[in-house]
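Participant: Could you build the full structure based on these sequences and the hints that come with them?
Protein chains: 2
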Amino acid sequence: MQNLIHQLTNILGAKFILLEDQDKSPYLTDWRKRFTGKALAVALPKSSKEVAQIVKLCSEHQVAIVPQGGHTGFCGGATPDNSGNQIILNLKRMNQIIEIDSVNQSITLEAGCILQAAQEKAADHGFLFPLSLGAEGSCMIGGNLATNAGGTNVLRYGNARDLCLGLEVVTAQGEIWNGVKGLRKDNTGYDLRDLFIGSEGTLGIITAAVMKLYPLPISQWTTLVACESLSSTIHLLNLFQKRANSLLTGFEMMTSESLALNEKHFPHMANPIQGNPPFTVLIELSDHESEEHVRQLLETILEEAFTSHIISDAVIAKNLSQANTFWHMREHITLAQAEEGANLKHDITIPLSSLEAFIQETDLLMRSSFPGVRIINFGHLGDGNLHYNIAPPLDRDPRAFNENYEKQIHDLVYAQVERHKGSISAEHGIGQLKLAGLRAHKGEVAHDLMLAVKKALDPKNILNPHKVVSI
Amino acid sequence: MQNLIHQLTNILGAKFILLEDQDKSPYLTDWRKRFTGKALAVALPKSSKEVAQIVKLCSEHQVAIVPQGGHTGFCGGATPDNSGNQIILNLKRMNQIIEIDSVNQSITLEAGCILQAAQEKAADHGFLFPLSLGAEGSCMIGGNLATNAGGTNVLRYGNARDLCLGLEVVTAQGEIWNGVKGLRKDNTGYDLRDLFIGSEGTLGIITAAVMKLYPLPISQWTTLVACESLSSTIHLLNLFQKRANSLLTGFEMMTSESLALNEKHFPHMANPIQGNPPFTVLIELSDHESEEHVRQLLETILEEAFTSHIISDAVIAKNLSQANTFWHMREHITLAQAEEGANLKHDITIPLSSLEAFIQETDLLMRSSFPGVRIINFGHLGDGNLHYNIAPPLDRDPRAFNENYEKQIHDLVYAQVERHKGSISAEHGIGQLKLAGLRAHKGEVAHDLMLAVKKALDPKNILNPHKVVSI
Numbered sequence: 003m004q005n006l007i008h009q010l011t012n013i014l015g016a017k018f019i020l021l022e023d024q025d026k027s028p029y030l031t032d033w034r035k036r037f038t039g040k041a042l043a044v045a046l047p048k049s050s051k052e053v054a055q056i057v058k059l060c061s062e063h064q065v066a067i068v069p070q071g072g073h074t075g076f077c078g079g080a081t082p083d084n085s086g087n088q089i090i091l092n093l094k095r096m097n098q099i100i101e102i103d104s105v106n107q108s109i110t111l112e113a114g115c116i117l118q119a120a121q122e123k124a125a126d127h128g129f130l131f132p133l134s135l136g137a138e139g140s141c142m143i144g145g146n147l148a149t150n151a152g153g154t155n156v157l158r159y160g161n162a163r164d165l166c167l168g169l170e171v172v173t174a175q176g177e178i179w180n181g182v183k184g185l186r187k188d189n190t191g192y193d194l195r196d197l198f199i200g201s202e203g204t205l206g207i208i209t210a211a212v213m214k215l216y217p218l219p220i221s222q223w224t225t226l227v228a229c230e231s232l233s234s235t236i237h238l239l240n241l242f243q244k245r246a247n248s249l250l251t252g253f254e255m256m257t258s259e260s261l262a263l264n265e266k267h268f269p270h271m272a273n274p275i276q277g278n279p280p281f282t283v284l285i286e287l288s289d290h291e292s293e294e295h296v297r298q299l300l301e302t303i304l305e306e307a308f309t310s311h312i313i314s315d316a317v318i319a320k321n322l323s324q325a326n327t328f329w330h331m332r333e334h335i336t337l338a339q340a341e342e343g344a345n346l347k348h349d350i351t352i353p354l355s356s357l358e359a360f361i362q363e364t365d366l367l368m369r370s371s372f373p374g375v376r377i378i379n380f381g382h383l384g385d386g387n388l389h390y391n392i393a394p395p396l397d398r399d400p401r402a403f404n405e406n407y408e409k410q411i412h413d414l415v416y417a418q419v420e421r422h423k424g425s426i427s428a429e430h431g432i433g434q435l436k437l438a439g440l441r442a443h444k445g446e447v448a449h450d451l452m453l454a455v456k457k458a459l460d461p462k463n464i465l466n467p468h469k470v471v472s473i
Numbered sequence: 003m004q005n006l007i008h009q010l011t012n013i014l015g016a017k018f019i020l021l022e023d024q025d026k027s028p029y030l031t032d033w034r035k036r037f038t039g040k041a042l043a044v045a046l047p048k049s050s051k052e053v054a055q056i057v058k059l060c061s062e063h064q065v066a067i068v069p070q071g072g073h074t075g076f077c078g079g080a081t082p083d084n085s086g087n088q089i090i091l092n093l094k095r096m097n098q099i100i101e102i103d104s105v106n107q108s109i110t111l112e113a114g115c116i117l118q119a120a121q122e123k124a125a126d127h128g129f130l131f132p133l134s135l136g137a138e139g140s141c142m143i144g145g146n147l148a149t150n151a152g153g154t155n156v157l158r159y160g161n162a163r164d165l166c167l168g169l170e171v172v173t174a175q176g177e178i179w180n181g182v183k184g185l186r187k188d189n190t191g192y193d194l195r196d197l198f199i200g201s202e203g204t205l206g207i208i209t210a211a212v213m214k215l216y217p218l219p220i221s222q223w224t225t226l227v228a229c230e231s232l233s234s235t236i237h238l239l240n241l242f243q244k245r246a247n248s249l250l251t252g253f254e255m256m257t258s259e260s261l262a263l264n265e266k267h268f269p270h271m272a273n274p275i276q277g278n279p280p281f282t283v284l285i286e287l288s289d290h291e292s293e294e295h296v297r298q299l300l301e302t303i304l305e306e307a308f309t310s311h312i313i314s315d316a317v318i319a320k321n322l323s324q325a326n327t328f329w330h331m332r333e334h335i336t337l338a339q340a341e342e343g344a345n346l347k348h349d350i351t352i353p354l355s356s357l358e359a360f361i362q363e364t365d366l367l368m369r370s371s372f373p374g375v376r377i378i379n380f381g382h383l384g385d386g387n388l389h390y391n392i393a394p395p396l397d398r399d400p401r402a403f404n405e406n407y408e409k410q411i412h413d414l415v416y417a418q419v420e421r422h423k424g425s426i427s428a429e430h431g432i433g434q435l436k437l438a439g440l441r442a443h444k445g446e447v448a449h450d451l452m453l454a455v456k457k458a459l460d461p462k463n464i465l466n467p468h469k470v471v472s473i
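If you read the protein sequences in the order shown, they are chains A and B.
If you count the first sequence from 1, position 177 lands on 179 in my numbering, and the numbers rise without skipping.
If you count the second sequence from 1, position 327 lands on 329 in my numbering, and the numbers rise without skipping.
Worth flagging that the hints you see were computed from the coordinates, not collected in a lab.
One or more of the hints may lead you astray.
Identical chains share a label here; the pair holds if one copy fits it or two copies do between them.
Capping the alpha-carbon separation at 25 Å, the derived lysine to aspartate or glutamate pairs in DMTMM-like fashion look like this [unchecked claim]:
1) K35 to D164
2) K183 to E358
3) K51 to E177
4) K17 to E101
5) K58 to E446
6) K409 to E122
Facilitator: Here's what the structure looks like:
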């Protein structure tokens, strides 16, 4: 091991290979503080060439590498194990925006570039970089791609995969694949790009990417509406899809329980819609024509929704500041849950046509199996993506309740997900958190295919072992 | 072999295993009549279970399978070799539309479903199935996915990959992977779906798919405009992207040479724009609001383009019939080329920001190296996708010229593609046509990754061997 450390130091310089506990410590625990590990060293390369050299060395020494970006993932995918034998390879020094191509509408960046920096750079050039999520001030493009990040703009612009045109990747053999191309069409063989995207650093290390840009909308209108039933929220979504089509850029559902929790912990985040409706939906339209055009379109659709009794109330944001408040209300649900104490989270997708049945059945099963639990249900409804979270009964000790019932509650929710042909991870990935359940969820055939791919691309199992799949 | 045939007959019934030359013959030659092969038999399964049984049997007997749909591909990917030892597995009997889900906005189909049948079924339910290409009356969904087909709607809706939500695939081991899910988000491990899409039947046989649907636009406006330079056509594209955003659903470029060839062979297809402009662009806007809205938007943008001297003339289609004529004009270029005689085709993409330099340089090189050649250049400019085709000089024997210079002309064009970081196959795939050049184009690292995936998923090399990659 000393030999390896010596060689790594030769490559990076002593400053960029962290060996002391106090230096390594910030890299060992994930953002939610759910996973903590140990590391032989933290390597901080400055270029893909250095990454390639590190991988070659580690491969020779059979030492595993844990690639890491902003370390904001929810599933422990970038946290090392407890052996103390793994090298963390953090890409934060590779944070350059290499090029903005206004004609091709694309941006080329290094993997360690902070998401928000990319958004801001694009906006400076009159473009929208659509990927947007809670952690955007800390998360990095490489991690966004490695986990195929989602967020609030998926409805219109897709997830990280859909926004990516090309990649540079360091393979498990320490070779550099230069796939940094800004092409909208390229049918030259197997889709390596999408194989690396979402593989959470287990097949290769993403070091750079070309991403799509879009012209900045000139006007956005945000509204909150009240629906009396889940089926109404889905009718409303279909109505907006039909009338506003791709002008619809946000469609977020919040239950009355979610917003009550918000108001309890953040009184200034009270729902501006009166009467505590069962479902409140945040809708955003974005337009490239004019403020009048999108405002009128929004009012026309809302009027149709009122007349058809799909919605019972609506508040249109008066200005940008109020629009931001509406979005903050949505984003604060997660924070209110954290304030309330430990809860059990499920990041799931269900086909929209099965969503109502899923929620009705699952709520019923949950309440009868675990009397008193509080169901905090909200999410990116436009994508069929629910954050179906369970908080312990008010009269129970939260930690003890979660320890006793965590597995049973997860099993109940995931069995319902299978029944309705959904996904047990909509946007957070697998990491180590959901590793054990993946084989059963994917089925033997798909899981065997994944294992075959992992063995083929990383036969020594040195890239982020025991994340996503275990060989 | 007789034993295999006997067992296949037991599975399918004698009617659906074709053994006689006259029965096999329609399956042996591709649509462009560029590739012809032989086959031991043509198998016509009715279900994915039968496909799985066939693959298992062929695997035991080490007999290769060539999966086939409508057999309309341009690269010989679905044509068997000359050994007479391969089995063609044609999926045309698996042509059922399994489900249209109006709420989830998705359609589930068997792989042998004709593209046009899917479009029509979707339209009956008020939806657009956006995939659209010349061969849509004959090509099948399975083949569209296996080749990641493009076409005229890629600009707005993406290619076959972008439209696919889930797949059913029979693996090289004869197992059925059931990935038939209609989810917009699913981050559960490696992206097997996109690995099979575009792999041209070399990694697995696609037997069913779930595809996205979109609400039908209520109004479409089509216009032809004249541009004096290529840079103007690109400015025009950027202008439409900025002002019309996702209402822009078509942007097709045609050079004066292309349209002159059209008029020569189809006089009724003359360009309605007078004066033979260097570049004619077909633009289509689609809207979900109203006819007045989109018409006014189109006029506003065209006015801005006139004022900025980006365009010199424009003809807006008066009605649907004239709009169709404009599209036919674009589609007839390929037919006019066929009438004119053999020509050398290049289906390439170039980043939009390099397109003008690519064309100027390549035209110059071409004309100086091969005096008198005619450059027929047109394509899906909105995607950076050119059909850069070369017809022999008028005074030369076409066949002799092509035989003598085919390799040199391809080499010249593809060297230019590399220079400008483009792709040698934008939408037609690799098949057998471009197999030899792929390693050089992709680079060693990417090509080795492809080989590793092929060996991992099809270790016996029985699925469409020597297409895309050769192991």
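Participant: Each hint needs a verdict: does it hold in this structure or not?
Facilitator: To see whether the hints hold, each was checked on the structure:
no.	hint	verdict
1	K35 to D164	neither (30 Å within a copy, 36 Å between copies)
2	K183 to E358	between (42 Å within a copy, 17 Å between copies)
3	K51 to E177	within (9 Å within a copy, 41 Å between copies)
4	K17 to E101	neither (28 Å within a copy, 60 Å between copies)
5	K58 to E446	between (33 Å within a copy, 17 Å between copies)
6	K409 to E122	neither (42 Å within a copy, 47 Å between copies)
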